[in-house]
Each structure stands twice: as structure tokens, then as C-alpha cells.
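Chains as they are written, first to last, in my numbering: chain A, 11 to 381; chain B, 11 to 381; chain C, 11 to 381; chain D, 11 to 381.
None of the hints are false.
If chains are identical, the list can't say which one is meant, so a pair holds when it fits in one copy or spans any two.
In silico DSS-like cross-links for lysine-lysine, where the CA-CA straight-line distance does not exceed 25 Å:
no., residue 1, residue 2
1, Lys118, Lys150
2, Lys14, Lys26
3, Lys74, Lys30
4, Lys232, Lys150
5, Lys361, Lys232
6, Lys320, Lys39
7, Lys244, Lys140
By construction, these hints were calculated from the structure, which means they are not laboratory data. In this text, all values refer to a predicted model and were calculated from it rather than measured experimentally.
There are 4 protein chains.
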Amino acid sequence: MDDKFSDEVLGRARVKNNEKLASFYDDLKNYSTGALWEVANDIEPWEPAAPSVPYHWSYEVTRKHVVQSIDLVTPEEAARRVVYFSNPGALDKSACVGWLYSGIQGMKPGERAPAHAHSSSALRFIIEGKGAYTVVDHHKVPLGGNDFVITPNGVWHDHGIAEDGEISIWQDGLDIPLAKAMDASFYSLHPEGYQPIDFPIGDLPTIYGAPGLLPVNHNWDKPYSPMFKYPWDKTYEALKGLEQMTDGCEFDGIIMRYTNPINGGHVMSTMGAHMQLLRGGEHTKAHRHTGSIVYHVAKGQGYSVIGGKKFEWKEHDVFVVPSWVWHEHCNTNSKDDACLFSFNDLPTIEKMNFYREEAYTENGGHQEIVA
Amino acid sequence: MDDKFSDEVLGRARVKNNEKLASFYDDLKNYSTGALWEVANDIEPWEPAAPSVPYHWSYEVTRKHVVQSIDLVTPEEAARRVVYFSNPGALDKSACVGWLYSGIQGMKPGERAPAHAHSSSALRFIIEGKGAYTVVDHHKVPLGGNDFVITPNGVWHDHGIAEDGEISIWQDGLDIPLAKAMDASFYSLHPEGYQPIDFPIGDLPTIYGAPGLLPVNHNWDKPYSPMFKYPWDKTYEALKGLEQMTDGCEFDGIIMRYTNPINGGHVMSTMGAHMQLLRGGEHTKAHRHTGSIVYHVAKGQGYSVIGGKKFEWKEHDVFVVPSWVWHEHCNTNSKDDACLFSFNDLPTIEKMNFYREEAYTENGGHQEIVA
Amino acid sequence: MDDKFSDEVLGRARVKNNEKLASFYDDLKNYSTGALWEVANDIEPWEPAAPSVPYHWSYEVTRKHVVQSIDLVTPEEAARRVVYFSNPGALDKSACVGWLYSGIQGMKPGERAPAHAHSSSALRFIIEGKGAYTVVDHHKVPLGGNDFVITPNGVWHDHGIAEDGEISIWQDGLDIPLAKAMDASFYSLHPEGYQPIDFPIGDLPTIYGAPGLLPVNHNWDKPYSPMFKYPWDKTYEALKGLEQMTDGCEFDGIIMRYTNPINGGHVMSTMGAHMQLLRGGEHTKAHRHTGSIVYHVAKGQGYSVIGGKKFEWKEHDVFVVPSWVWHEHCNTNSKDDACLFSFNDLPTIEKMNFYREEAYTENGGHQEIVA
Amino acid sequence: MDDKFSDEVLGRARVKNNEKLASFYDDLKNYSTGALWEVANDIEPWEPAAPSVPYHWSYEVTRKHVVQSIDLVTPEEAARRVVYFSNPGALDKSACVGWLYSGIQGMKPGERAPAHAHSSSALRFIIEGKGAYTVVDHHKVPLGGNDFVITPNGVWHDHGIAEDGEISIWQDGLDIPLAKAMDASFYSLHPEGYQPIDFPIGDLPTIYGAPGLLPVNHNWDKPYSPMFKYPWDKTYEALKGLEQMTDGCEFDGIIMRYTNPINGGHVMSTMGAHMQLLRGGEHTKAHRHTGSIVYHVAKGQGYSVIGGKKFEWKEHDVFVVPSWVWHEHCNTNSKDDACLFSFNDLPTIEKMNFYREEAYTENGGHQEIVA
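Turn these sequences into a full structure, and let the hints guide you.
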């Protein structure tokens, strides 16, 4: 414990126990009350100490498990065949980090999951396969590698693989733990099992995905992005363009935020997402901020130092940075760029006015690796 | 369990266990992963089932304990002498209901608590005493009975009682559990112990508390209300005026929201507050909604039926309604009105797009009392 | 012409005419075109030079004319019996200053004007009388001295005097010239002649006029203030409170803006209003800004220096400050305060990003009086 | 005059003159006042009757004049060599339509106009040439055919043609008449003549022109779009995509609005712009709305019926639709699409709450051609 964080100071609770107090505490318990000073230092810490820990999951291992699961259970039994990431510091919440859930889902050609809707916001990052699609609010969205797709809070959605497709695998990200913790989690199954498709295939990403242009007679009044899919080719192209025009960010290299083109805000109410490019050999400086981040390696290999611990990563690995933990990234390939997709709970953190950020100033901006 | 909420349907997880699966689950654990279908129905319930329970705390009892605490511990030891409400369903969070903390604080004449700041938003509802004041961001605010006072997220604040005052008691409301749960809780002590007072006493409620008028050269760019104090006399007068002009709300009688006059929004980023008046003999209809509410009886007596259970209340009692629990209120005095102050986490719920509301339609809108 | 505003510099148009050019200009005219350099310096001046001039109208004179008009024409013939202010610099627009229209209206007991609606926003400042009322969107609003009342863009409204009332007189302010200039002026007569009154008398100012409180079940989604009337007693009380708590503004003394309590914005889309108090003997410093202002002396006497010219004023006189003209105010009564009501086109100016402001720095902040 | 618009009804001014009144009017004039009923019906018409008239300018003719002007005057004399469009109904304002100015500008290789800034917002639509560029706020933007470029209110800008370029011609659109009419027109010349270029060439359209993506560390807090240039190839591609995915609009075919990607709003505070595509042989239905529109034929040929009059157009012709005038468009080429660029004052109209729209319902939605 840092000296500056001692609780033995005026202004913190430092009551010594005694018999009278013990009996007072017992009495309070009978009335479902307590003495604030007994819990104050614990419930109001000097700074955040997230229970979630920094962690890394190898795609090689998880992929093997997902493929196994396809043989072990049917979609009719399991609804969704997903191997989810269970942060060792937050096992009780089935969370990947903080209040974010994530897992890897697999489907076989010809399968289609029943349509459902829930209070949680959901997103997908596509890894591999052929013929995969998602249907969101009656719009069919074909999925390709490294595409980013959203299925917002309260919207009917289902996924499937064409009969002539291939086993398809993607990462799911949802704020299931948050919706449950906020006592606001609702779940519904579509009365007809599957949604009718009412629009041309892929319409919304085309209609809303033009640079600096919006359709005039296609009004959108929902609190999430109408794009639904952010295709990889245009995203990568945007990063390469940004690389040429700016120096980027010392903590994150060349980084862009996926936005709602209607208002420039986050793609959904409770979760945001970024794609960043680390230039050949780039090693960013460390910083920390409130909010939890789940990373997915979209391209390349390297390592990140998170809370003083080094995590090596390669394509499609997943790793997490809990709130207020120092982190920095390194692309170990000196010749080619590496790309990290990430999603987060920053929209929630920002709306609550809980966002804070700090640069690591010692040691040239780089953490000492302790593990 | 309602039939409509059976998990034995297509679209919910209903995998029967077997040996192969058990061994698969064991294997997953080794890699800090799990099978979604093992936890899905639990983490994505059909509708919210808040762990917090409806509860009522008698002021008579709590007051006795607060007065006792004044003799048992000094402010130098305890920082704040508060008896807090500990919801039997959420003991681990030190929460009153949901992610809201609340307690009753007492101070003696001549005492002044050291100035501090924290990530949680805080509010006070004043119960009794004389000479009490709070200092918020260098503005001194004198406190009177039934006044509503805010000390927003991140702002220096301290409280005290004048030398010639009397023992003073108020209710505190904070979202301490939320700030901690979001891994965003910071706590600081003022470097000088107490804040200098830089403004005329009571300036802000005067400057910003005029009806339909704002000062031109007193710019406010902070994400919370500049009024800081909402005095009881003007609030009660507003309710009486509203009573004459409208029929009110079938669920809440004559009800007003405390606002930020700069933008008409909630008083703070994460907590809102209301004052409502139940006309003589009024019995409202039941409804339920997401979001947690803490009530404080500002005037009169009556009862509320919450989740089918009847809770009688009188002045300065506190009771709580968890998220998505049916509730209705009754003023048992047929001749005089009753007033309920309440605070809530609705700003957070609304920003997340988690708000839902439902009217109780059976039995003429009134719950059957089961306890 | 100031030297810094010479047009004989590179970057301004300074083409000398010649025969070839003259013939070119003639040719262009045949095709409804012209050469920009022929008009550029005129249409893009170095800084605004409003055609409207500073002006003052004595209430004594105008009142006499209004009373005369009551005998000269009937409301059935004239619709509204108003003597309007015609700025000598803007006679063609029937404007008081800039694009703002204003006049003094009189009505006799028992009269009621037919209900109408128009694209212009309208406001009233009440001068004298008894039993006057306005009906705005089916809400009846009784009028008292120095009350400020709005009848927004597109809303049905009519005015009348009770049978047992007295001759009543008020100032009207509208942006009729603006609505016409923007080719957006519509005018309608109510199909039934008069609006039915559907609400308790005076409901809206009561429902929405509480400090820091808004009704929960009385939703307002219109682009103007729901208060409709801002009563004088509470406005004056607010100014006296502000006087105690702040030093005020060096250009305007103690000044407040009438607001829409729903969002803190201007009362209407295209016109705003202020009330300001000049302390006994106070002489403000001069400044200038874009936007036009119409002043009405609500209380006291004094003078203003506008564009170097001195205008003395007393109760209910009206005077105007055109855009970008220096102005300062002086309360000549050393013992009592003076109050100036004013309305303006600042909402329009601000939304267009046309607002600019400048302090007069020479001569201790006071203009030399040239007339 | 339509019967429904007769002024001989209760509620309109219909005072017959007489001797007493004439003398009253004379008296009022002496005090710079007037009787409202003398002007009321004129200043508050039943509906807009814009002084501007529908008009069409052939590029062939204007181009010839622009080329002539290049020989007749130097940039040093004229500052900008522009042939501007002078609406026959608004000659006094040097306006193209309503409060919008427009003209065709030409420059020779090696020329560079001195940098200036003004209160008016400006935009360009590029017609022909090679090596043209604009410098806006220290960012250099190369210009190509059918590119749309903005130089917002208050920003330094200058234009030039590379030494090895060709004569370049573009259309300018500004709201010079509006800024002047609002008494808010300021004009400045850059103290150094030309702006230094501080950024990579073409940086902003690249940085902000990605679909559904915004840079994280390139903050933009200005009230206009950071894209500055909207290139033709991507705009046309967007229209072709929209054509495949929607049926378009019955009044405007396939139409998109140029937006500020930061917030989805208009590109500038006072002027907006659209690009629309008329499918082979498409003839849209007629409607009318408040707000003035300047059209530029970006591709193809056809005609528009405006206020019952037929105007044929081909590439780079300009035509205008005044406020509240019926209009419909027809692409006369049955095999290829036609594209119309247009700019307007709708941001201003919308902010003032002056927007109204009406469909032409008779005759199958098509006007009878009267001229």
C-alpha cells in the first residue's frame, strides 16, 4: 500500500473497536442498518482496484473448444454454441472483464439460431467461415472476416450459415453482466421463431456507410447506429489513410472509433468500439483510464504490457485491460502493421462522468515488466 | 415460475448434462473459459429479479442509533457519523437498494467534517437541527428542514454545525456502490482540510433559483445543477400550485422532478430526485419500472404496497422500491396531504436505454396484499 | 472612413472602369449576371453598418396616439389597434430596429380580437390596464403590469379585456420583418373565430414556473417555453436577489435572461428577452455586439448613450440599439434602481454563428457624446 | 388572388380611409410611428411570395463571360474574378435566389488569390480545370471536377492554380446577402497575404471521410464539418449504392445530404447542400417548401418545372427555386442518370422553425406548364 493511500489520516474512518461499539454494531444489524465507518474505507477506495485481472486467451485453444462444442451440443439444445471467457477475478459474473461478457461462437452450414432480443447490447467481430449472416431488425447482413457488426439493445436478431457455407466462427461481445447488475435485463424469443427479411440484403451499411453523406428520406430515430456492419476493407483503408495524415496517438498508435453516422456518437448506448493500427515495430507508451477494454487481434503479432505483466498475442487472440490498469502495446513485426480491434464500456463510463485518464510518466513512459 | 417464463423452449439453453460434457466443462475451466449454455439462462433472465428487497426503516429507531453514535465515536475517528441502511438482499454492497447507498448522519454544534471529494454523486435531505451548513465547491449553503441539497461527483464538500446550533440530522444518498462497481471510485481529502468560502452565503440557490430566469454573466459549464440547494418552502408551494392546475399522475399523484435549470435535465449525472404530494386520502395505482428508488417521508403518514407487501410509514421514515417491483402509495390522512421525497438512479438507467415501465392492470390497478 | 478600412488594398475590389469593361458589364446584364468586383466591397463591408439608427420613442406621445386610435377605428376593421415604431433607417421594412417589429397596442373593456396564428414569434410587455388577458393555444393567461408574455411562432392566440376591466395597453414585439424577409411568412385566422379555453386559468406559468422543478407528467415537446407568462413580481425579486449575490455585468448591471425552463434556452426560436436592473446611480461601460435590441423602460429614469448620442428615458419609453453600435446605460436616480426590459434577435444571430462582441476600451469605457 | 386569401374578412386589416384618419397618419409620421393596420396585410401575407423568381443560367454563356473576365481584369485589381448570378427579382441584393449569392469564378495557372475571411459561409462546386486548390485554415485541398468544397464562416481561405495547371472554373455559393441583411458582415484580409500550409495535403477529407469511423486523437470542436472536401467519385458511388437499396424520394429521386461527420448535421451553420440522382427517364412529383435552393447540373440533361414554368438544363447549368414555389425535375435521358448538386439556406430556415413543406396533389402530382 502506497503511503499516500494510508487510511490512518484525518478524513478516513479509523475507529478502534471496543465492547460498547461491538454491541452497538450488533444492535444495528437487527435493524438492517450498519455504521458507515465500519465499511467506508472499503466501499470508497482511494482509487479503483478492479476485481477483474488482465488476461489473455489464445485463439488456437479456444477455437479447438468451439469446434468441439459444435459436435457436443445442437443449437436446438444450446441456443448458442459459445465458449465464453471467464475472467479469474470475476467468475461470479461470467464476465470477460468488468461488466463485459465475451465468447467465441461457432455455427455449421445450414444452421440458423432462433431470433431473440435482449436488454444487453451485442456486437460481433468475425473471425472465419463462409456464408455467415446475421439478421437484425429484418435486415440481413452478410458477414466477412474482420467485419464488425452490432445487434443493439432491444432489437430482434438471429444468425445463420448458408447451406453451402462453411463452419463460421466469430467473437461475441455483450454487456450481459451490466444489464443484469442494473436489474434491467429482459429476454424475449421472437414469436415466429425467425424474422422475415424485409429489405435488400446488406442495405443499411450501404445506405448509411457513405463518407460525409446521409440519405434524405430514410429517417433514423433509434439510439444506435444504422450501419449495423462496418466492413473490414474500408476500415483498414481508413487506418492507412489516417497513418499518412497524422502522427497518431502516443498510447494507441493510429486509432479510430466506430461511430453512429447519424450523430457521430458511439455505435450503441452502452458499448463502444475501436480499431487501431500499430505501425511496424511501434511500441506505444503506457497510460491508464477508467473503463474496461476487450481486445481482439485483427492482424499481426506482438505483445501488450498490462499492469506490469507481458502478454504475447497473435491473430484472433483476445486479451483484456481492466479499469485503471496501466497498459501499452508493441507490434513485434518491424515491417508490417498490426491491428487491434477492441470494444469497451466507455459510453456508459462517459455518460456517468466517471471517465479519467492518466499517462505513465516514469521510465520513458514504459512499465517495468514484473511478470 | 410463470409458464411464459419456462426455460424448456427452443431458444433457451436446455442442454442435459452427460459424461462427455462434464469433461468438456472441466477442460474449459483450465483455460478460464466456460460453455455459455451452462450459465445463459441465469445471466440473461426473462425479466429483472433484483436481489434488493422492498424494505422500510423507521426514523424513530434510526434516529436513536444516530444520537447514540454521536456519543460513541468522534468525527476525527469516524470522518462521518452515519447509520447506513443495509438492504437484506444486498448486504455485500452496503446498498440501500440497487446500487444506491443511503444513511442518516448526525453532527453536534461546533463540529465540521474535513473536506473531501469522491467519484460518487451525493445528496442530502435535511431532517432536523439548527445551524447546519454544507460547503460545496467554496459556496456555503445553510440547511433547513426538508431542504434538498446536492454535492456532485468530484466536487469538494464538507459539512458543519454552527457553534450556537443544535444537533442536526439528515439523510445522505450516494451512488457509492455504483462508482465502486464500475471500477471508477476515487476518493480525495482536501489538502487544506477545509475549503475557503469564496462567495456570499447561499449565493447559488438565489442566483439560479428564479423561475424562468438565468443570470447572463454567471456562466456554468459543469455537468450538474448550479442550484445546489432546493428549499422546502418553494418546493411545497410548487406542488400546491401544480395540484390546482393538473390532475396529476395516476401512479404518483402530484409529482415534480428536481432539475438543473441550465438545461432542464437531472440534478446530477447519475442520480435524480423527485418530490411528490399525495392528496388527502389519495391511493395511487400500481406500476413498475426499471431503476431503484429510495423514498423519504417529508410530510404526513400512510403506506405503500411494494411487491405485494404493505409498508406503513410516517414522517422521516425511509423505504425502498427495487427495480421492476410493483408499487403504489396511499395517504391515510383524508384531510391533509402527504409528501414523499425520493431519489433514484434513473439518469443512469435512461442514458443506458434501460428504462421500461408497466402499469398494473388487474384488480382495478391495485395489488393484492400478500404480506 | 477609417484608414484601416480603405478599399484601396490588395484583396479588395479596385478595378478602374474603362470602355471595354463598361461594354462587358452591359453584356452581363443581358443575361441577369454581373461582375462581382463591381459590387463586392458593398455587399461584403469590413464590418456591419446597420441601416437602422438608434432611436427613442416617448411613451407620453405614443400613449396619446394609441388612445386616439381606440376612437378612430374598431377592432373589427383594424384587427389590431397598434401604433408601431418605424425606424427612420428602415422605413421600407416597418421595423423598429433590424428585423424586429414593435408597437403599442390598446384595447377597451369587452373587446376581444379574433384568434390568429403566424410564422412570426410574438411577445408582449404589459404597460397598463385591468382585466386584460391573452389566450395562447387554449390556455388563458391574465396580464398584469410589467408581465412578459410570449405567443410563439405558429400558435393560435387572441387577446381581450374583461367587460369590467379598463383600457389596457401593452407593447408588442414580433419578428414580422424577418419572417417576411426569409420568405417564410404564413398567416391564418382561427376557423371558429376564438379559441375554446381548455385549461385552468393561468395554468402554464404555475406548472412550469417553479424554481428548479418540472412536472413529471406534463410533457412539453415544443420549441418554445411552456411558461408563456413571466410575472413581474417574481422577476423583480430575482433581480434583487442577484444584486445581493453578484457584482453584475460591467455593460449591463444586474441582468437576467428569460428562459425556457425545459432546456434553459431562449423563450422562442427567433427572439430572446432580458430584464436588467441598474443600481442607483449606476453608469455601465459601453460595448457593442451583433444583434438588434429593443428596450422598454420598466422602472425608473435615466439615459443611454447609443452610437455617441444621448437618449434620455423614463417609464415605458422605448428605445433601440442597432447591431454593432456602441451603447451604455445610466440610471440617473442615485437612490432607486431602474429596470430595463429588452427583447432581441440573438437566438437567430447565435444559431447562425454570427454573434460577436467588443468592449469599448477608450475613455474609461465611456463614449464621447457627439449629439 | 385566391378567394381564400381575401383580406376582406374579420381578422385582417380593412380600414377605409377618411379625413380624420389621414390626418392621424400624418401626425404619426412626425414621431416615426405608423398605424399597424395600414401595413399589416402587406407585412404579414397569407403565405410567402418570394421576390426572387425561378431562373436558369446556361453554363455556355456564363463560361464565355468568365473566360473573358480573365483577360479583362487581374486578380490584383478584382480580388476574385467572378461572374455572379443576379436574380431579376432581387437585383438590389446581388442575390441568386433568396439570401444566397452565387457566381462562377475563373483563375489562370500560377494565380493565387490573397487569403481572406468573412462572416458569410462559402462553398464551391468545381466545374473544370487542372491544378486548382483551396487553402482553408492552413489545410491545402486539391480540387477536382464535381468536388464539393466548403470554406466556413470566419475561416481564412484562399484559392490558387498550380503553375503547371490549366484555367480552372468553379461555382461559388455564399450567404453574403444574409450576413449583410443580418447586420453581421465582417471581412478581413490575412495579415501575411497568404496562409502558411501546416498539414499534409488533403489531410482533412482523408482523416474525417471514412464511413462510420472518426479519428480518436484529432479533436474537432468547430461548428462546421472538418471534411472540407467531398470528392465526386465517392459521392456518385454513394448515390448508386442508395439507388440499389431504396426506392428514393418521390420529389427528389435518389438524394443524399452532405453532412458534418462529427454530428451528422449540416456542413455549415447557415448553408446546407445535397446531391441527387434522377434515374434514367425519371420525372419526380412536384412539391414546395420554405427555403431557397440553387441547383447545379453535375451530370446529364433534362428539365425542371418551377412555378409552372419549364426550364431545360444540361451539364453545369445553374437554376434556382425560390421559397414556397412548386418544383419538379425530369431526366430526359431514358438510359443514363442525371445528377443535380444543390445548396440551400435550410439550416437557417430549420433553426428558426420556419420550415414547411407541401406536396402538389392535383394532376397526378405534376404542375401544368404555363410558360
